[in-house]
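Novice: One letter stands for each residue in the lines below.
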Amino acid sequence: MSYANLRTLLPKNDILNFAVLALILVVVLPLSMDLFRLNLIGKYLTYSFVALGLVLCWGYGGILSLGQGVFFGLGGYAMAMFLKIEASSPENTAIQSTPGIPDFMDWNQLTELPWFWQPFHSLTFTVIAIIVIPSIFAYIIGVAMFKRRVGGVYFAIITQAVAAILTILIIGQQGYTGGVNGITDLRTLFGWDIRTNEAKYIFYFLCVFMLFLCLGVAQYVRKSKLGRLLVAMREMEDRVRFSGYDVANFKIFVFCLGSAFAAIGGAMFTLQVGFMSPTFVGIVPSIEMVIFCAVGGRLSIFGAVYGALLVNWAKSTFSESFPELWLFAMGALFIGVVMAFPDGLAGLYSKYGEPHVTRLLDRFTSSKSKTSGDSDLPPEMEAEGGNS
Amino acid sequence: MSSSNTDFVLAVEGLTVSFDGFKAVNDLSFYVDKNEIRVIVGPNGAGKTTVLDLICGRTKATEGSIKFRNKELTKMKEHQIVRAGVGRKFQTPSIYGDLTVFENLEISFPRGRSVFGALTFKRDAEVLQRVDEISRMIFLDELLHTRGDLLSHGQKQWLEIGMLLIQDPELLMLDEPVAGMSVSERRKTAELLRTITKDRSVIVIEHDMQFVAEIADKVTVLHQGKILAEGTAEHVKQDPKVIEVYLGH
Numbered sequence: 000m001s002y003a004n005l006r007t008l009l010p011k012n013d014i015l016n017f018a019v020l021a022l023i024l025v026v027v028l029p030l031s032m033d034l035f036r037l038n039l040i041g042k043y044l045t046y047s048f049v050a051l052g053l054v055l056c057w058g059y060g061g062i063l064s065l066g067q068g069v070f071f072g073l074g075g076y077a078m079a080m081f082l083k084i085e086a087s088s089p090e091n092t093a094i095q096s097t098p099g100i101p102d103f104m105d106w107n108q109l110t111e112l113p114w115f116w117q118p119f120h121s122l123t124f125t126v127i128a129i130i131v132i133p134s135i136f137a138y139i140i141g142v143a144m145f146k147r148r149v150g151g152v153y154f155a156i157i158t159q160a161v162a163a164i165l166t167i168l169i170i171g172q173q174g175y176t177g178g179v180n181g182i183t184d185l186r187t188l189f190g191w192d193i194r195t196n197e198a199k200y201i202f203y204f205l206c207v208f209m210l211f212l213c214l215g216v217a218q219y220v221r222k223s224k225l226g227r228l229l230v231a232m233r234e235m236e237d238r239v240r241f242s243g244y245d246v247a248n249f250k251i252f253v254f255c256l257g258s259a260f261a262a263i264g265g266a267m268f269t270l271q272v273g274f275m276s277p278t279f280v281g282i283v284p285s286i287e288m289v290i291f292c293a294v295g296g297r298l299s300i301f302g303a304v305y306g307a308l309l310v311n312w313a314k315s316t317f318s319e320s321f322p323e324l325w326l327f328a329m330g331a332l333f334i335g336v337v338m339a340f341p342d343g344l345a346g347l348y349s350k351y352g353e354p355h356v357t358r359l360l361d362r363f364t365s366s367k368s369k370t371s372g373d374s375d376l377p378p379e380m381e382a383e384g385g386n387s
Numbered sequence: 000m001s002s003s004n005t006d007f008v009l010a011v012e013g014l015t016v017s018f019d020g021f022k023a024v025n026d027l028s029f030y031v032d033k034n035e036i037r038v039i040v041g042p043n044g045a046g047k048t049t050v051l052d053l054i055c056g057r058t059k060a061t062e063g064s065i066k067f068r069n070k071e072l073t074k075m076k077e078h079q080i081v082r083a084g085v086g087r088k089f090q091t092p093s094i095y096g097d098l099t100v101f102e103n104l105e106i107s108f109p110r111g112r113s114v115f116g117a118l119t120f121k122r123d124a125e126v127l128q129r130v131d132e133i134s135r136m137i138f139l140d141e142l143l144h145t146r147g148d149l150l151s152h153g154q155k156q157w158l159e160i161g162m163l164l165i166q167d168p169e170l171l172m173l174d175e176p177v178a179g180m181s182v183s184e185r186r187k188t189a190e191l192l193r194t195i196t197k198d199r200s201v202i203v204i205e206h207d208m209q210f211v212a213e214i215a216d217k218v219t220v221l222h223q224g225k226i227l228a229e230g231t232a233e234h235v236k237q238d239p240k241v242i243e244v245y246l247g248h
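So the sequence lines, in the order shown, correspond to chains U and X.
Using numbering that gives the first Met the number 0, you'd call the opening residue of the first sequence number 0 and step up by one each time.
Using numbering that gives the first Met the number 0, you'd call the opening residue of the second sequence number 0 and step up by one each time.
Don't take every hint at face value.
Claimed, not checked - Just the calculated beta-carbon pair ranges, DEER-fashion:
id: 1; chain 1: U; residue 1: THR110; chain 2: X; residue 2: LYS121; range: 55 to 65 Å
id: 2; chain 1: U; residue 1: VAL131; chain 2: X; residue 2: LYS121; range: 28 to 38 Å
id: 3; chain 1: X; residue 1: THR91; chain 2: U; residue 2: PHE327; range: 41 to 51 Å
id: 4; chain 1: X; residue 1: ALA124; chain 2: U; residue 2: ASP33; range: 29 to 39 Å
id: 5; chain 1: X; residue 1: SER113; chain 2: U; residue 2: VAL152; range: 21 to 31 Å
Stated by the list, open to error - Result set (DSS-like, lysine-lysine): computed pairs, CA atoms no more than 25 Å apart in a straight line:
id: 6; chain 1: U; residue 1: LYS222; chain 2: X; residue 2: LYS121
id: 7; chain 1: X; residue 1: LYS74; chain 2: X; residue 2: LYS33
id: 8; chain 1: U; residue 1: LYS11; chain 2: X; residue 2: LYS197
id: 9; chain 1: X; residue 1: LYS187; chain 2: X; residue 2: LYS70
id: 10; chain 1: U; residue 1: LYS42; chain 2: U; residue 2: LYS222
id: 11; chain 1: U; residue 1: LYS146; chain 2: X; residue 2: LYS76
id: 12; chain 1: X; residue 1: LYS59; chain 2: U; residue 2: LYS146
id: 13; chain 1: U; residue 1: LYS146; chain 2: X; residue 2: LYS74
id: 14; chain 1: X; residue 1: LYS33; chain 2: X; residue 2: LYS22
In short, the hints are calculated from the structure, not lab data.
Even glycine gets a Cβ: it sits at the ideal position worked out from N, Cα and C.
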C-alpha cells in the first residue's frame, strides 16, 4: 500500500484517535485500576463492539437495529457452550445422574449432549462459529428484509421482535440452553483456569486487541467507497439505486458486519464475566446498546467505544447508590442526547475540541515535514459524511 | 411478446400501468431514435413522470413492453437497467448532501458496483480524470470539495446531471432539468444539454415551451396517459388539441 493510500485510510486525526484510545485502554486504565474495576471496564468494552457495529449500520447506513443483543448473545452463547462442555467433564459432574453433560441438562432430565452441542467440543469450530453463525443469521434477516425493501422503523420493530423471540426461545428451552439462568459456572480453557487474576488480565488485553482489530476493519470500511455509499444510501437511497447499485446487498453486508462485531463482543463478555444469560439478548439490552452508540456519537467509531465505557461506568456508579433511579437517568440521558447533541460526545468533540487539536497537530507535523513538500490531502479524502 | 426488434434505441409499445384501476399511462407507444432529443410535455397528471418511472424500473408496468436496444426492460431490476445504459435524473435534485461534489461524482463512476468492488475501489488516474472532465462540463470544477448541501439549487441540478454523465448512459432521461433555475442558469443548462446530448439519446420532461423549442428534435404531448400529439416543437404548438388541453392554460 502506497503512502498516499495509507494517508487516505488513516488521516492524522484518526491516528491520534487510535493512539489516544490505545493509551487509555492499554496503559492508563490497567495501571490506575484494581483488577475488579479493570474487569468491569473489560465488560463495558464488550458492549463497545456492539456500539461500533451500530455506528456502521445506523450512523453510516441509516439502518437502525434494535436487536443487536441477539448477535451479542449468539456470540456469547457459542463461547459459553464450549467452556461449559469443558467444565462438565465426567469427573467434575460425577454426582449427576448422567455425568459428563452440563449440569442444567441433567436437572432437565436430558441424558446426552444434544446434537447441536456436539461441535462445540472443538475450539476451532467455536471460534469460527462465534463469527459465522451470527453473520449467517444476520444475512438471513437481511435478505428477508432488505431485498423486500423493508427499512426504517419497520426494520427496527422486526429486529426487536427477533430479540424477543430469541429470549423466549432460550428461556423456554432450558434443557438445551440453561434457561433464564443462562450458562454459568464456566471454569477452564484447555485446563487453564479462567477465573484467576492472571486470566482476567489476559482476557482484558485480548478484548482490547480484538476491539482494535474491529476498529481497524471499521476504519477500512468507512474510508472505502463502501463507507461513502452507505452515507449516500442513508440520504438518497433511490439515487444510489439508479446509479446502478443493488442497494440491498450493501445493507446486508453492513448488517452482517455489525452482527459479527457484536458477536465477538459477546464472546469476549463470556470470557471475562464467566457466564452468559438471556438478560443480554433481549429488547432492553439491545436498546441500551443503541444508547451507548448514540451517546458516544453514531458517526464516530471511537465515540462508540467512549460511549459504551462512559454510560456503563455511570450506570455502575449510579446504580450502586440509587438502583431504582438508574433507568430514569438512562431514559433522560437518551432524550437529552437526541435533543441537545444528536451527534453525541464525538459531535461535541469535533465541534469544540478537534479544531484546536488539528491546529496543534498541523503545527507539530508541518515543522517537521516542511522540506519534504508534504501538502495536505484534498478535503474529499477526509470527508465521510460525519466526523471521526 | 408481440413487439419485434427494431433499430430504435428505445421502443415503448402498448405500455399501460394502472394504480387501483386508474390508468396513469394507457396503451402508450413511442420510439426514440439514436441521438434523438425527445421532449415530453403535458399538463399535470398527464403521466410524464410515470413514463420515466416505468422505463427505469421504478414502477412496474401492468402491460406492454419497453425495449432498450432490443432488450426488454420491464422484467429487469433498477440497477440492471442502469447498467444496461439508462440514466435517470429525478425531478427534485437528488444528490448526496453529506458528500462532496467529488464524492458524489465518484460514487456515480461506473466501477466497483458490487459490495466487494466498493470495498476495493481505488481512486486511480482514470477516476480522477473523469471526475475532472465531468466537473468542468457541469461548471462545478471549482467546487469539487464543497459538500453537496451547500450548493445552490441550480448547481445541485447540474451535479445530478453530471452524476449521470459520468455513467455515460446511452439513454439519458431528465425530469424537468431547468425547473427552479434562474434565467442565466437556464441558458447554461441549455448549453450543457446541447453538449451532453451529442452522442446519446435523451428524453426530457419540460414545461417551458421556449426551452423545449430550443432543444427538442421531437416533442410528445401526453394527456391523461395517452399521446395527444407528436412531432416537431413547431408542429405541436399549432395543434389545436394541444392548445386546448395544455398550452391554452
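Novice: Okay, which hints does this one fail, numbers in order?
Specialist: Hints 4, 8, 9, 10 and 14 not satisfied by this model.
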